[in-house]
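**Q** Sequence:
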Amino acid sequence: MGGDGLDTLTAELAALRGENAMLRETLDAIDGTVAVYGPDLRYRFGNRRYHELFPHLPPDEMLAGRHYADVLALSIDAGTVADRSAYADPQAFIARRVAEIGDRDRKSRELYNKKTDTWALIRVKWTPTGNRVALRVDITELKRLQQELLRSQRMETIGRISGGVAHDFNNLLTVIIGNLEMIRLRPDDPARVRARSAAALAAAEAGAQLIRQLLTFAQRDIARPRIVNPNVLLAGMADLLRRTIGQAIPLAMALGPDVGSANIDASQFESAIVNLLLNAREAVVAVRGIDATGAITLTTRNEGRDMIAVSVSDTGAGMTEDVAAQAFEPFFTTKPMGTASGLGLSQVYGFAAGAGGQARIDSAPGRGTTITLLLPRAAPANESQGVSAPP
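The sequence shown lines up with residues 1 to 391 when you count with our numbering.
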């Protein structure tokens, strides 16, 4: 090779080193972890944040060329894997994670770290040449803001509930006061006093139970999802739901047999159901009047093998196609400005989407409305206790 050729090669190598240094500097500046695996799932390199989060892993020059399965095994040996199933059956855990990183259609996932009370979003992107770029970003602050919004929406829901509950509670107070007044007028009649006292006591106990249910609903904190059966939640709040919509409109509940469990936030689920029932009540009252015949139905069923359907149906006027298409949009409302926030159905949609499901509307003018939440059936739960294995 002549002198000119050597000089050219030297210049090209210098330029390549400069580009590599710039790439490394850029990756290290990212506020999240980045790890790159080749098409053969062998480790190529990771940025500074990656090695800060997983200090048990050796530096790049020692880790390069190791298969993804080997990297997972190192994390299991170090005891830093959040998923407890990794220790019960390491080989099955590794096989599952290898299959996930090899799935081009694999969606991003959120991971909660109970030990540090933090959230991370994990996503694997494929390059045109088949490399896998694993990204991990801290979303703890985003989750905090989401929870503040959910609490705000929940307070609005509680405000909507209070109207129906206050009316019901006033009826109970009327019973109590009426019976006590009769006792005051005829205190010398023991049989009458006993009967009136029993009626007043029963009304007071019913009021206390109503307040307990409302407090349970109001005080349930926004929490991370857990595996629960929707039927159990609905059965537990059935009395509150009926009192919320009022006695004039019957609520029929048909909870399907063998309905599976879902990985959901119970408080968000309850808020979504209350919002759907209150909207259904308003739809029935608007078309039939408060004392006219109308009905609301709440049903659950299995939708195929993988989904659970929770539906609320009403006998109201129904929606036009245009209204139904916008119903889940934030701040959309058909009510006069200032009378509603338009966030009720958007909260319902957000809950369903956040649970990995969907919400759909079946409605037409003159035949009422059915809104259905489709929730994925839950896989066995795995508690996150430590730092997750490297993505």
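Treat the hints as calculated values from the structure; they're not laboratory data. Mixed in with the good hints there might be a few duds.
[What the hints assert, rightly or not] Simulated pairs of lysine-lysine, DSSO-like, Cα-Cα distance not exceeding 27 Å:
| no. | residue 1 | residue 2 |
| --- | --- | --- |
| 1 | LYS143 | LYS125 |
| 2 | LYS114 | LYS143 |
| 3 | LYS143 | LYS115 |
Just so you know, these numbers come straight off a predicted model, no measurement behind them.
**Q** If you test the structure against every hint from before, which numbers come out violated?
**A** none
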